[in-house]
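Peer 1: Single-letter residue listing:
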Amino acid sequence: MLTFKLALKNLLGAGLRTWLNVAVLSFAFVLIIFYNGMIDGWNEQARRDTIEWDVGQGQLWHTDYDPYDPFTLQEAHGMAPAEAGLMPVLIVQATIYPEGRMMPVRLKGIPARQQTLALPTEALVPAGDETRIILGKRMAKSAGLAEGDRVLLRWRDQHGTFDAREVVIAQVFDTNVPNVDAGQVWIDLAVLQEMTGMPGEATMLVADQTYAGSAPEGWAFQTQDQLLTEIDTVIQSKKVGGSITYLMLLLIALLAIFDTQVLSIFRRQREIGTYIALGMTRREVIALFTVEGGANSLLAMAVGAVYGIPLMAWLAQAGIPMPAATDNVGLAVAEKIFPVYGLGLVLGTVALVTVAATIVSYMPARKIAYLRPTDALKGKIL
Amino acid sequence: MNTDPIISLSHLTKHFPVGKGQFTALRDINLTFGTGEFAGLVGPSGSGKTTLLNIIGSLDVPSEGEALVMGRSVSSLTHKESAQLRNQHIGFIFQVFNLLPVYTVYENVEFALLLQRMDAAARKKAVLDALEWVGLTDKINSKPPQLSGGESQRVAIARAIVKRPAIVLADEPTANLDAKNSHHILQTMQRINKELKTTFIFSTHDEKVMQYLERMINLADGQVVRDELVQPVKS
Ligand SMILES: Nc1ncnc2c1ncn2[C@@H]1O[C@H](COP(=O)(O)OP(=O)(O)O)[C@@H](O)[C@H]1O
Ligand SMILES: [Mg+2]
Numbered sequence: 001m002l003t004f005k006l007a008l009k010n011l012l013g014a015g016l017r018t019w020l021n022v023a024v025l026s027f028a029f030v031l032i033i034f035y036n037g038m039i040d041g042w043n044e045q046a047r048r049d050t051i052e053w054d055v056g057q058g059q060l061w062h063t064d065y066d067p068y069d070p071f072t073l074q075e076a077h078g079m080a081p082a083e084a085g086l087m088p089v090l091i092v093q094a095t096i097y098p099e100g101r102m103m104p105v106r107l108k109g110i111p112a113r114q115q116t117l118a119l120p121t122e123a124l125v126p127a128g129d130e131t132r133i134i135l136g137k138r139m140a141k142s143a144g145l146a147e148g149d150r151v152l153l154r155w156r157d158q159h160g161t162f163d164a165r166e167v168v169i170a171q172v173f174d175t176n177v178p179n180v181d182a183g184q185v186w187i188d189l190a191v192l193q194e195m196t197g198m199p200g201e202a203t204m205l206v207a208d209q210t211y212a213g214s215a216p217e218g219w220a221f222q223t224q225d226q227l228l229t230e231i232d233t234v235i236q237s238k239k240v241g242g243s244i245t246y247l248m249l250l251l252i253a254l255l256a257i258f259d260t261q262v263l264s265i266f267r268r269q270r271e272i273g274t275y276i277a278l279g280m281t282r283r284e285v286i287a288l289f290t291v292e293g294g295a296n297s298l299l300a301m302a303v304g305a306v307y308g309i310p311l312m313a314w315l316a317q318a319g320i321p322m323p324a325a326t327d328n329v330g331l332a333v334a335e336k337i338f339p340v341y342g343l344g345l346v347l348g349t350v351a352l353v354t355v356a357a358t359i360v361s362y363m364p365a366r367k368i369a370y371l372r373p374t375d376a377l378k379g380k381i382l
Numbered sequence: 001m002n003t004d005p006i007i008s009l010s011h012l013t014k015h016f017p018v019g020k021g022q023f024t025a026l027r028d029i030n031l032t033f034g035t036g037e038f039a040g041l042v043g044p045s046g047s048g049k050t051t052l053l054n055i056i057g058s059l060d061v062p063s064e065g066e067a068l069v070m071g072r073s074v075s076s077l078t079h080k081e082s083a084q085l086r087n088q089h090i091g092f093i094f095q096v097f098n099l100l101p102v103y104t105v106y107e108n109v110e111f112a113l114l115l116q117r118m119d120a121a122a123r124k125k126a127v128l129d130a131l132e133w134v135g136l137t138d139k140i141n142s143k144p145p146q147l148s149g150g151e152s153q154r155v156a157i158a159r160a161i162v163k164r165p166a167i168v169l170a171d172e173p174t175a176n177l178d179a180k181n182s183h184h185i186l187q188t189m190q191r192i193n194k195e196l197k198t199t200f201i202f203s204t205h206d207e208k209v210m211q212y213l214e215r216m217i218n219l220a221d222g223q224v225v226r227d228e229l230v231q232p233v234k235s
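Protein sequences, first through last, are from chains A and B. Residue numbering for the first sequence follows our numbering, beginning at 1 and increasing consecutively. Residue numbering for the second sequence follows our numbering, beginning at 1 and increasing consecutively.
None of these hints come from the bench; they were simulated from the model. C-beta atoms are modelled at their ideal positions from N, C-alpha and C, and glycine is treated no differently. Incorrect hints may have been included.
In silico DSSO-like cross-links for lysine-lysine, where the CA-CA straight-line distance does not exceed 27 Å [claimed, not checked]:
(1) Lys124/B with Lys5/A
(2) Lys208/B with Lys125/B
(3) Lys80/B with Lys5/A
(4) Lys378/A with Lys208/B
(5) Lys125/B with Lys9/A
Short derived list, chain A residues pointing at chain B, Cβ under 8 Å [unchecked claim]:
(6) Met1
(7) Leu2
(8) Lys9
(9) Asn10
(10) Leu278
(11) Pro373
For reference, chain A alone in the conformation it holds in the complex (with noise of 0.2 Å):
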């Protein structure tokens, strides 16, 4: 308690080239939790989106059903099992021909009257004798269809005769989740089964919380973790791709405690030889100046607390706009994110940093114990 109270006065008292260090190292803690606290952000908020609007609580899938192959799609559907919780999706390759270009595109019915995914599919519900689909905002922007479009639809029945049929666009939904949006056409699940000739059939099912867990024979549940694990290979590669930023300005901040330290040394032996005169060992010396090296970051963070909590508040609260370019990551990404900061987030810097600047102070400290205290107070060169 006296090594603490005396290190932060000498710091305090060395001034200016406290305060440097001090703003580096405030910068470096604050643009690690800003940084995490954004991904953070961003992964609640892609797992919450994908979870409304794809996965569910997990999915039953068909043991043919390959998402990634679109060739096996045309077997990959049977009965759907009449387990409560489990909302039926059929899923076949189709065509579209917006303007007369061909776009290959996955049709997917859902029943209209669902519940279980965000998907606005009440647009859905037959009226009047025109088959209606819905689709997100990407797949109409890159199909130039807008609401009430006219579009030719052509699919393969169960036997594999192709069909086709005029339909219209009831709704563009607006979604942060590309899988339900880019190359997907939603339909009533009650039509495509007549239209496919595949009446109670179904490609998978998406899961609700009344969910059991059973899995009958031919179908297989994906969890839904097993689900996002993309997102939490994306998220992953983020933090790591961000962390060697802030690492580069937490190192300049170490170097520059370092140095100030190794210059301490040199420069204050006096000062040492003068403690060690007044009755203390060399230890409590070495001590004094690691801890007070180690303060450094006791102060950043008060620093980094007085402009970093209002400024992370105000991030949290306004969120942060998100380029249309990061889009393409193929990740839920919303127009902003809003910062998440945990407990463990804060504390885990504050450790890091708080170790990372005792070391750092300690290397050079320990130099102390080699010196003579009768050379200290004279002042020479170690």
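Chain B with the ligands: place on chain A using the hints.
Peer 2: Just chain B with the ligands now, kept in the frame of chain A:
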């Protein structure tokens, strides 16, 4: 004067390694000091005065012979023990003051007591007392860079005596002071010596200091060439 020796040096020799060989800074020193002495090591620069004070202050150890300080052999002390000896029984006064620059006058004086973990009330009393002795109660909150040389050395004296040590070692304390300030601090130390029975050992080649000494030990080339009781000119 009490004849109980609190410092006893016998056959004390100090070598320093110089290049491949060694330099003998002190040679076969035999001296004792009793409580309340006001003594000076007098000799030209390089005669070994500082080296001898450092050994008495347990900042250094003899190469040969023995130095007993407060009944303890300096050579046999651990780092911790010698730190404790200095903290409790020995006050240092240096030629260049060596005040801690970021601490106030009060904090500089308080420092040794903090190391002793003295409680706050007793500490405050002792610090104010010591500053009273040196006449600096009005500079309590000043920092060393704002003080004159004379004031700085008075702070150093207060710092040395605040813990009421048995021994004060003053290494050329007037070398950076003008005549007026030199006399002032010497009179202060003389007064402390008389009233608190603190043993003072000076190193000096300053005539002004010699005028106050009651015992003069002449050193030359690391040897005691004369050791005599003298009548202080000033008192
Ligand atoms: N650490 C050391 N290494 C080598 N020589 C030293 C060392 N310390 C002192 N000396 C030498 O010992 C002699 C006595 O030094 P010192 O005690 O400082 O003399 P004084 O204080 O009387 O001027 C000098 O010649 C000095 O150069
Ligand atoms: Mg000297």
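Peer 1: Now, for every hint given, state plainly whether the structure supports it.
Peer 2: We went through each hint and held it up to the structure:
Between Lys124/B and Lys5/A, the direct Cα distance comes to roughly 17 Å. Compliance with the 27 Å bound is thereby established for this hinted pair. For the hint pairing Lys208/B with Lys125/B, the CA-to-CA distance comes to about 33 Å; that exceeds 27 Å, so the pair is violated. Our distance criterion of 27 Å between C-alpha atoms is met by Lys80/B and Lys5/A, whose separation comes to about 21 Å. Proposed proximity of Lys378/A and Lys208/B is supported: the alpha carbons are some 24 Å apart, at most 27 Å.
The straight-line distance between the Cα atoms of Lys125/B and Lys9/A is roughly 22 Å, inside the 27 Å bound, and the hint therefore holds. Interface restraint check for Met1/A: the shortest CB-CB distance to chain B comes to about 10 Å, outside 8 Å, so the restraint is violated. At about 6 Å, the closest approach between the beta carbon of Leu2/A and any beta carbon in chain B falls short of 8 Å, and the interface hint on this residue holds. Interface restraint check: Lys9/A against chain B, minimum CB-CB distance 6 Å, threshold 8 Å, status holds.
Hint status for Asn10/A relative to chain B: holds, with the closest Cβ pair at about 6 Å, below 8 Å. Of the supplied interface hints, the one on Leu278/A holds, with its beta-carbon coming within about 5 Å of a beta-carbon of chain B, less than 8 Å. Interface hint status for Pro373/A: upheld, as the beta-carbon distance to the closest one in chain B is roughly 5 Å, under 8 Å.
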